[in-house]
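Add chain B to chain A, keeping to what the hints say.
Sequence lines, in order, name chains A and B. Per the numbering used here, the first sequence runs over residues -14 to 399. Per the numbering used here, the second sequence runs over residues -14 to 399.
Be a bit skeptical, because a hint or two may be false.
One copy or two, either will do: identical chains are not told apart, so a pair holds if it fits within one copy or between any two.
Claimed, not checked - SDA-like cross-link-like pairs, simulated, lysine to any residue; straight-line CA separation at most 20 Å:
| # | residue 1 | residue 2 |
| --- | --- | --- |
| 1 | Lys399 | Gly55 |
| 2 | Lys100 | Gly123 |
| 3 | Lys73 | Ala(-6) |
| 4 | Lys257 | Arg357 |
Hint data in this document are derived by calculation from the structure and do not stem from the laboratory. Keep in mind the model is a prediction, meaning the values are calculated, not measured.
Chain by chain, the residues run as shown.
2 protein chains.
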Amino acid sequence: MNGFATTLAALAINPIPMWSKQMDPRADAQDIESILSAIRSVSGDGTAGLHEPVFAGNERAYLVDCLDSGFVSSVGEYVTQFESELAKFTGASHVVAVTNGTNALHLSLVALGVKPGQEVLVPAISFVATANAVAHAGAVPHFVDVSTETWGLDPQAVRTYLSAIAVQRDGNLVNRETGRTISAIVPMHTLGHPVDMTGVIEVAQDFGLKVLEDAAESLGSYIGDIHTGLVGRLGVLSFNGNKTITTGGGGAILTHDAELAHRIKHLSTTAKSPHRFEFDHDEIGYNYRMPNINAALGVAQMEQLPGILANQRKLYRKYVQAFRTDHRVSMRGEQAGTLSNFWLQALLLDSQSQVSRNDVIEGALAQNITVRPLWKPLNTVAAHYSSPSAPTPVAQDLYERVVCLPSSVSLASK
Amino acid sequence: MNGFATTLAALAINPIPMWSKQMDPRADAQDIESILSAIRSVSGDGTAGLHEPVFAGNERAYLVDCLDSGFVSSVGEYVTQFESELAKFTGASHVVAVTNGTNALHLSLVALGVKPGQEVLVPAISFVATANAVAHAGAVPHFVDVSTETWGLDPQAVRTYLSAIAVQRDGNLVNRETGRTISAIVPMHTLGHPVDMTGVIEVAQDFGLKVLEDAAESLGSYIGDIHTGLVGRLGVLSFNGNKTITTGGGGAILTHDAELAHRIKHLSTTAKSPHRFEFDHDEIGYNYRMPNINAALGVAQMEQLPGILANQRKLYRKYVQAFRTDHRVSMRGEQAGTLSNFWLQALLLDSQSQVSRNDVIEGALAQNITVRPLWKPLNTVAAHYSSPSAPTPVAQDLYERVVCLPSSVSLASK
Chain A
-14 MNGFATTLAA LAINPIPMWS KQMDPRADAQ DIESILSAIR SVSGDGTAGL
36 HEPVFAGNER AYLVDCLDSG FVSSVGEYVT QFESELAKFT GASHVVAVTN
86 GTNALHLSLV ALGVKPGQEV LVPAISFVAT ANAVAHAGAV PHFVDVSTET
136 WGLDPQAVRT YLSAIAVQRD GNLVNRETGR TISAIVPMHT LGHPVDMTGV
186 IEVAQDFGLK VLEDAAESLG SYIGDIHTGL VGRLGVLSFN GNKTITTGGG
236 GAILTHDAEL AHRIKHLSTT AKSPHRFEFD HDEIGYNYRM PNINAALGVA
286 QMEQLPGILA NQRKLYRKYV QAFRTDHRVS MRGEQAGTLS NFWLQALLLD
336 SQSQVSRNDV IEGALAQNIT VRPLWKPLNT VAAHYSSPSA PTPVAQDLYE
386 RVVCLPSSVS LASK
Chain B
-14 MNGFATTLAA LAINPIPMWS KQMDPRADAQ DIESILSAIR SVSGDGTAGL
36 HEPVFAGNER AYLVDCLDSG FVSSVGEYVT QFESELAKFT GASHVVAVTN
86 GTNALHLSLV ALGVKPGQEV LVPAISFVAT ANAVAHAGAV PHFVDVSTET
136 WGLDPQAVRT YLSAIAVQRD GNLVNRETGR TISAIVPMHT LGHPVDMTGV
186 IEVAQDFGLK VLEDAAESLG SYIGDIHTGL VGRLGVLSFN GNKTITTGGG
236 GAILTHDAEL AHRIKHLSTT AKSPHRFEFD HDEIGYNYRM PNINAALGVA
286 QMEQLPGILA NQRKLYRKYV QAFRTDHRVS MRGEQAGTLS NFWLQALLLD
336 SQSQVSRNDV IEGALAQNIT VRPLWKPLNT VAAHYSSPSA PTPVAQDLYE
386 RVVCLPSSVS LASK
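Isolated chain A, as found in the complex (with noise of 0.2 Å):
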């Protein structure tokens, strides 16, 4: 069996084809009404959020745990136990629990080495904290376009960029109109579908890029055998309420490098110099260790993983099931040899659908059904609209065609 294969036997599940369906732009005319009916017969009428957790197992017993055992801070047996549970899971060799998704990548840039007024490569489509991170570690998002086929990074384009606008020049990928060195790039498995990693690894080892994979969406996504963040040599994970699991606010770092690891937690605990009393820093690190507290409740969600996984994948069958008999629209599934978590699922509208984006966002949720497209492409954001950026056709196009549907995974057995 080769990787992927083994992969999918350990955990008893078939792969999904890239699409529900051929879509056919010479399909009936569309009403919007027959799009709204189909999301609403797996969302059920009204008040379903996007993304709702669901507490069913050990979090109640664990939070009180943690408050009986006094240790609800930076330090603590949950903190511990939920990250060698991670480590578990994703088969990561060391994995560092942090306040958030944001600050993990800001740690994981400078813990990399990215200096400030360098620029760091970043997908025009990801949520806008990808971008931030650079921002906070000094740096500047450069954003690039994303392939139609994974909604991620696009290595191809990235290497047809970087050859027309960048040089090396003392052993530095410098960019020829800012003059800044180009240091870092930031794969980011877009709404849970792997991003192609392979490709990304070619582009930075060729160009003399480090590797930080936004992992952000995609706890329990793999490419072959290999758990999403752990392709490249450092990968972020959110715990944030409206991902797969919670802890409130939280995520982690995984590598199998254990030094970078040591280094991450020393900066991750204000680079506190081991001593029995004295307090010496030796520099300047960053309050950013997950507290105890929040830890009890990931490792009650950790519990029930396997089956929010099962339940996603169930989840998009319904919708491919309740949108069959519409040939102007298409589920977004698996790309071959990868597996998504389907953190949120994906309706993609023919490019010549009748009905737009916006009316299938406006209608819905004049129904109170919670829909949502993907992010504006960040090299639009007001935040980040002064940065450098390759052409987006891409990006524009998806954003211009992609509605993410109600995902909470009690929907699955509804």
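Frame of chain A, contents of chain B only:
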């Protein structure tokens, strides 16, 4: 009644003198065991932490209720309620709850307009977070000495120092040595004891400095009838596990300035522009909002705050009683016109004490009694060694003579 008398009457408490006794260098020889035995008579034998929280109220109920609500992350009613309880208690017009005190300081410096490359005056005696937050804002901490009276920043020493090393140039206060603008000052209420804010604000006005009040340790401490953190334009609290009340990890920003509070809340929640479904962000924001699950713990802790403060005063009196016969030491009390929360009980050794601070600390630790020194003066900490600094003889002297004693609130009733 003047302001302070009002505070005392409202809280139904009496002020405590600055020192439990006049120290007498001619007093009888000390022996280390008599000091340790006095500590032990209050802290009990072994395993007493330095400052352990007590969860004797509605903590369990509110955590379970928070899970039941489904809102555990950065939106939820407990966050709003926690802010409202803090506002009621401190008298702040606006409160923004965030992930921790360090991030609260960072965000406040950004909101006050401290710019990368500027210098910020920080007392040499503080937890490293005060200086780190300055660095996180891209600025440079510049250390100044503390006062023998308050143990906090010494405004008179700052005035003399600035007159010597800085010059007004184009409306900015410029450090003549480094050429950098000195833009702000961050007084900190050491161990909960209020700093001389009147003096700090005068020197800040005279030299054109922004003031950020680090009240991380002083929830429940007052200057006259004003709660610490509200004398300047902006103040910061911390709810770390070792603080007067805890939210696991957490912090808050207090202000009477509506516009500033609005901007800080906006920055803490990724600076998202209001829209029903689009993700636009009008500046580079942060993921610093306090999660609802942590706020649920905070609301329960706030209910117990008056009792905790009363017990810390009771604990102080137990230590005074324990040390009554040793005239080479004194317990730190209250400056006239201020109220302290007595966050950490502090013993000062006479300058001619036969036993050293390290004798006491090593001796206590050997008996499993958790004591600690003041923080290593920040201008001698490796992470900040290269930052500019005024001479800090008082910081160094206090560092060599202060021992922080077990201060868990449960010790008051043992």
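Going back to the hint list, which numbers does this structure go against? none
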